[in-house]
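Single-letter residue listing:
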Amino acid sequence: GESVGLHLPTLSVQEGDNSIINCAYSNSASDYFIWYKQESGKGPQFIIDIRSNMDKRQGQRVTVLLNKTVKHLSLQIAATQPGDSAVYFCAENPDTGTASKLTFGTGTRLQVTL
Amino acid sequence: DAEITQSPRHKITETGRQVTLACHQTWNHNNMFWYRQDLGHGLRLIHYSYGVQDTNKGEVSDGYSVSRSNTEDLPLTLESAASSQTSVYFCASSEGPLGTGKYTGELFFGEGSRLTVL
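Those sequence lines, one after another, are chains U and C. Numbering-wise, the first sequence is residues 1 to 114 according to the working numbering. Numbering-wise, the second sequence is residues 1 to 118 according to the working numbering.
Read the hints as simulated data drawn from the structure, not as lab findings. One or more hints might be untrue.
Some chain U residues close to chain C (C-beta under 7 Å, calculated; not the full set) [what the hints assert, rightly or not]:
(1) P9
(2) S12
(3) Y25
(4) Y32
(5) G43
(6) S52
(7) K56
(8) G59
(9) P94
(10) S100
(11) G105
The C-beta atom is built at its ideal place from N, Cα and C for all residues, glycine as well.
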C-alpha cells in the first residue's frame, strides 16, 4: 500500500483514552485549516476543518482547536479506537477558496494500543 | 458510488523511461491535482487543473507534465524518469466552479501510486 513511511513522530495511546495531535503551521496569513487521516495503503481522508474566525470546532469524536497567536492547531480524538490508528496531518490555506494553495504538514503517526 | 482511481498502484521503471500515471474521477469535479508524498515532506503539489484544457504548474513541476482533455481524467507523465522521482503519487479532485480553482468542498484523494525509478 501507499503511505508516508516509518520515521514520523509517533503518538501511542491506549484504547479508550483521548488523543491530542499537534500541528504548528507556518503562514500567519492562513485562514483555513484541515486535518487529514491517512491509513496505511490509502490516500488522505478529510476529517475536520476550521476557519480562522473560529478557535474551536467539534465533529463526531473529534475536536479541532486553533490558536492563531502561536500558529498552533490541535486535533483531539475522544475515546480513541483501534480504527483511529493512522497518520494524521494538518493542512493550511492562505486563500480559503483556492485548493491549489493548500500546504500540508508532514504528519504524526497515531498508534492505538489495546 | 462516485470515486477517484489511480493506476498503476505500483510501478518500477528505469532511469530515462517515460512513465504515465493515470487518474480517473467519476464525480465530474472541475478541479484535479497531482501530489507527491516523500518521507520528511508533506504532500507537495506537482500540477493541477481547473477544467478541461486548463493545466498549471505546482511547487515541484520540473520533469512532469499533465493534460486535461476531459473532465474525468488527469494523467501525469514523467518525460524521462529520474531516481529523484521515486515517490508515492496521489491524485485528488474537488468540486468548484469551472476554471476558477475555487473549491466548495473537501479534496478527495485516490489510493496512490508508488513509483520506483532504478
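> Is the shortest C-beta separation between Y32(U) and chain C less than 7 Å?
Replying inline: 10 Å, violated
>> Take the shortest C-beta to C-beta distance between P94(U) and chain C; is it under 7 Å?
In response: 14 Å, violated
> Measuring from the C-beta of K56(U) to each C-beta in chain C, is the shortest one below 7 Å?
Replying inline: Since chain C brings no Cβ nearer than about 20 Å to K56(U), farther than 7 Å, the hint is violated.
>> A closest beta-carbon separation below 7 Å is what the hint needs, so does S100(U) meet it against chain C?
In response: 5 Å, holds
>> Is the interface hint satisfied for G59(U)? The criterion is a beta-carbon contact with chain C at less than 7 Å.
In response: 13 Å, violated
> Can we keep the P9(U) interface hint, with Cβ of chain C closer than 7 Å?
Replying inline: 12 Å, violated
> Holds or violated: is there a CB of chain C closer than 7 Å to the CB of G105(U)?
Replying inline: Holds, because the Cβ-Cβ distance from G105(U) to chain C comes to roughly 5 Å (cut-off 7 Å).
> For the hint on G43(U), does the least C-beta distance to chain C fall short of 7 Å?
Replying inline: This interface hint holds because 3 Å falls under the 7 Å limit.
>> Take the shortest C-beta to C-beta distance between S52(U) and chain C; is it under 7 Å?
In response: This interface hint is violated because 17 Å lies over the 7 Å limit.
>> Restraint: Y25(U) near chain C, CB-CB cut 7 Å. Satisfied or not?
In response: Nearest chain C Cβ about 11 Å off; hint violated.
> Was the hint right that S12(U) lines chain C, CB cutoff 7 Å?
Replying inline: 20 Å, violated
Hint check: violations occur at hints 1, 2, 3, 4, 6, 7, 8 and 9; the rest are consistent with the structure.
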